[in-house]
Amino acid sequence: MRCRPYVLMILVLGLLLGLTVAAGAEEYVPGEPLKVGFIYVGPIGDYGWSHAHEMARLICEDTFPWLDSVYVESVPEGEVESYIDKLVQNENCDVVITTSFGFMDGTLAAALKYPDKIFAHCSGFKRAPNLATYMADFYQVYYLNGLMAGALTKTDKVGYVGAFPIPEVKRHSSAFAIGVREVNPEAEIDVRWIYEWFNPAAAKEAAEALIASGCDAFAFTEDSPTVVQVAAESELISFAHYSPMYDFAPDYCVSGELVHWEIIYLDFLAKIYAGAYTAHNLETVDYWWLLQEGAVETGAKPGMMINPKYVDQLKAVSLEDPILGPITVYDLIQKRLEQMSDPSMIFDPYNGPIYDRKGTLQVPTGSRMSVLELTTMEWAVDGIVGAWPGEP
Amino acid sequence: MGWETWIIATLSRTLAYGTPLLLGTLGEIYAERSGVLNLGIEGMMIMGAYSAFAVAYTTGNPWLGILVAAVVGGGFSLIHAFASITLKANQVVSGLALTMLGLGLAGVLGRGWEGRPLFAAIPKITVPLLSDIPVLGPILFKGQNLIVYLTILLVPVLWIVLYRTRAGITIRAVGESPATADSLGISVSRVRYLCVAFGGVLAGIAGGYLSVAYRPAWTEGMTGGMGWIVIALTIFAFWNPVNGLLGAYLFAALYHLSFRLQPWVAPELLKAMPYAFAILVLVFVSRGTLQKRMGAPAALTLPYTRGEE
Numbered sequence: 010m011r012c013r014p015y016v017l018m019i020l021v022l023g024l025l026l027g028l029t030v031a032a033g034a035e036e037y038v039p040g041e042p043l044k045v046g047f048i049y050v051g052p053i054g055d056y057g058w059s060h061a062h063e064m065a066r067l068i069c070e071d072t073f074p075w076l077d078s079v080y081v082e083s084v085p086e087g088e089v090e091s092y093i094d095k096l097v098q099n100e101n102c103d104v105v106i107t108t109s110f111g112f113m114d115g116t117l118a119a120a121l122k123y124p125d126k127i128f129a130h131c132s133g134f135k136r137a138p139n140l141a142t143y144m145a146d147f148y149q150v151y152y153l154n155g156l157m158a159g160a161l162t163k164t165d166k167v168g169y170v171g172a173f174p175i176p177e178v179k180r181h182s183s184a185f186a187i188g189v190r191e192v193n194p195e196a197e198i199d200v201r202w203i204y205e206w207f208n209p210a211a212a213k214e215a216a217e218a219l220i221a222s223g224c225d226a227f228a229f230t231e232d233s234p235t236v237v238q239v240a241a242e243s244e245l246i247s248f249a250h251y252s253p254m255y256d257f258a259p260d261y262c263v264s265g266e267l268v269h270w271e272i273i274y275l276d277f278l279a280k281i282y283a284g285a286y287t288a289h290n291l292e293t294v295d296y297w298w299l300l301q302e303g304a305v306e307t308g309a310k311p312g313m314m315i316n317p318k319y320v321d322q323l324k325a326v327s328l329e330d331p332i333l334g335p336i337t338v339y340d341l342i343q344k345r346l347e348q349m350s351d352p353s354m355i356f357d358p359y360n361g362p363i364y365d366r367k368g369t370l371q372v373p374t375g376s377r378m379s380v381l382e383l384t385t386m387e388w389a390v391d392g393i394v395g396a397w398p399g400e401p
Numbered sequence: 008m009g010w011e012t013w014i015i016a017t018l019s020r021t022l023a024y025g026t027p028l029l030l031g032t033l034g035e036i037y038a039e040r041s042g043v044l045n046l047g048i049e050g051m052m053i054m055g056a057y058s059a060f061a062v063a064y065t066t067g068n069p070w071l072g073i074l075v076a077a078v079v080g081g082g083f084s085l086i087h088a089f090a091s092i093t094l095k096a097n098q099v100v101s102g103l104a105l106t107m108l109g110l111g112l113a114g115v116l117g118r119g120w121e122g123r124p125l126f127a128a129i130p131k132i133t134v135p136l137l138s139d140i141p142v143l144g145p146i147l148f149k150g151q152n153l154i155v156y157l158t159i160l161l162v163p164v165l166w167i168v169l170y171r172t173r174a175g176i177t178i179r180a181v182g183e184s185p186a187t188a189d190s191l192g193i194s195v196s197r198v199r200y201l202c203v204a205f206g207g208v209l210a211g212i213a214g215g216y217l218s219v220a221y222r223p224a225w226t227e228g229m230t231g232g233m234g235w236i237v238i239a240l241t242i243f244a245f246w247n248p249v250n251g252l253l254g255a256y257l258f259a260a261l262y263h264l265s266f267r268l269q270p271w272v273a274p275e276l277l278k279a280m281p282y283a284f285a286i287l288v289l290v291f292v293s294r295g296t297l298q299k300r301m302g303a304p305a306a307l308t309l310p311y312t313r314g315e316e
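Which chain is which? The protein sequence lines are A and B, in order.
For the first sequence, the numbering used here gives the first residue as 10, with consecutive numbering after it.
For the second sequence, the numbering used here gives the first residue as 8, with consecutive numbering after it.
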């Protein structure tokens, strides 16, 4: 019996292999307990993007008794495939959700590799029969924040700290600029890029550079509360991003952008559980959820759209709107929110006519930018100053 | 008016951002002077940052936080000291392990601490009268904090200790030729332990500065690679505290300017500028003839065992 150990080993290996294949090929049966794996690009402690997804995951777990979920954090964008392998093979996940733009190609490859599993990718545009895409986009909220900033700036210079010069951030800063200029046509929006999603020191120095250039109101797209803190130190106002940052500067944080990823996740997972979404019909499933779906909210903390300290100042500034007539900024904000929350959405910040800062008409009168145009936007609206890498 | 505000803003940001770099560099200079390369700076810094924040938040006293950060940083460095001095393990591996351990441990301990504003931060000081001096006043005496001043004071002190005292000679001897030092009755391992621990203390304070003075807030991974800049600055400084000050501040100034200059220079280039500058200088100072004058401790990274040389 000298060969017994080998036989045993081969048997075990074969068994393992069989199990793996079996685990990988099993398709989810609606109504059974569902296991979901989340893949995050940053640490869940970033208090920004990944933190917000993690909060949503916890809400899903609390809401659905049939749901079991796991997560992996700080996953390098190029290595997502091997992490998906682990979630599918070792954790037996029925659904894998990847939450960074850079995971797009890896997720697509995994979706083709595991055609019986269900995938969802955040902020991308590539889909498959078993791969859906989703995004809770902030551009409308940035626009509302822009209206406030335009009314509150005294130097007519508004600062914006951006992570990367990519369409998402360009769309947000441009929407913010559209709001600022609607109220205050003289104002400039000065932009600084830090080339990182999360680097508090870089965000701090970029904000300080903007203060030194004369800006007195700040918005940003990066994953930490740094800009809110820096502005408050110099007694300047700011708009929070992603997480409730009101507590960092109760006197200076006017409003901000809040996300409710759970609104999308609850919908998506409930439909899988009910059998409406399967591994064969996701080719056209693309959540692009905005104010009217409740996936995003205006405010520095939930339930508080405008810091009460600034309500009177916003009521004191008025302007002449071509359609609405004379109106205070405060009322304009409420009106715009109402218009964008309405399913008919008669107003959108990206309604034409919109000129870019080089004077080219980008959105003609009477038309509105499509989702595809928004997700591939490279130009800067009029009023933005500062570097704009990739400008057409 | 124009150029004055540029100088004031740049230099005052230089002091604020350069301080943690300088603290870390000063500590690493001492560790390396004694012959121990410690690549664990990032790990010790983040442990200091977390513990300072947790203590300052709970007790409402940021100075207590800094003190605890110093102790934690120093204590944490002893892991590296034990591995590389007592066990004679490879210093590069052990230092890297310390960085990974620190980042991971601080991340786990810091769960749930993010998103809490710290109202008991280290106060900014505006010195009366002195802050009215044109240009220099607003740079040096307005809006900085005590740690910034203490760090600057530490530079001449550490320089004098290193070059003008018996203790300094001992440290340098241990880093240059441990066998000789040993034959003179100096305990090589004790000197190295002390120097590594001192480096850990300063790295811990540097981390604490980030979380209770510079930010002030806690977020996972908030040191963002500063520990690696410190390693480069230590070489850049030729292992000399005074050069350390120049290097740290120069890097900090370029770092701030890389955001300030964006409307005029391509931001991609600016982003690389401070790092490109560091590489250029390293290339320049690493040329053969300069190597000896640079002052790299001869026994750097070499574990010492009596009678094996």
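Calculated from the structure, these hints are not laboratory results.
Careful, some of the hints might be misleading.
To be verified - Facing chain A, from chain B, some residues (calculated, C-beta under 7 Å):
| hint | residue |
| --- | --- |
| 1 | 179 |
| 2 | 183 |
| 3 | 226 |
| 4 | 266 |
Virtual Cβ for every residue (Gly too), placed ideally from N, Cα, C.
We went through each hint and held it up to the structure:
{"no.": "1", "hint": "179", "in the structure": "33 Å, violated"}
{"no.": "2", "hint": "183", "in the structure": "35 Å, violated"}
{"no.": "3", "hint": "226", "in the structure": "6 Å, holds"}
{"no.": "4", "hint": "266", "in the structure": "4 Å, holds"}
Checked against the numbered hints given earlier, the structure breaks hints 1 and 2 and satisfies all the rest.
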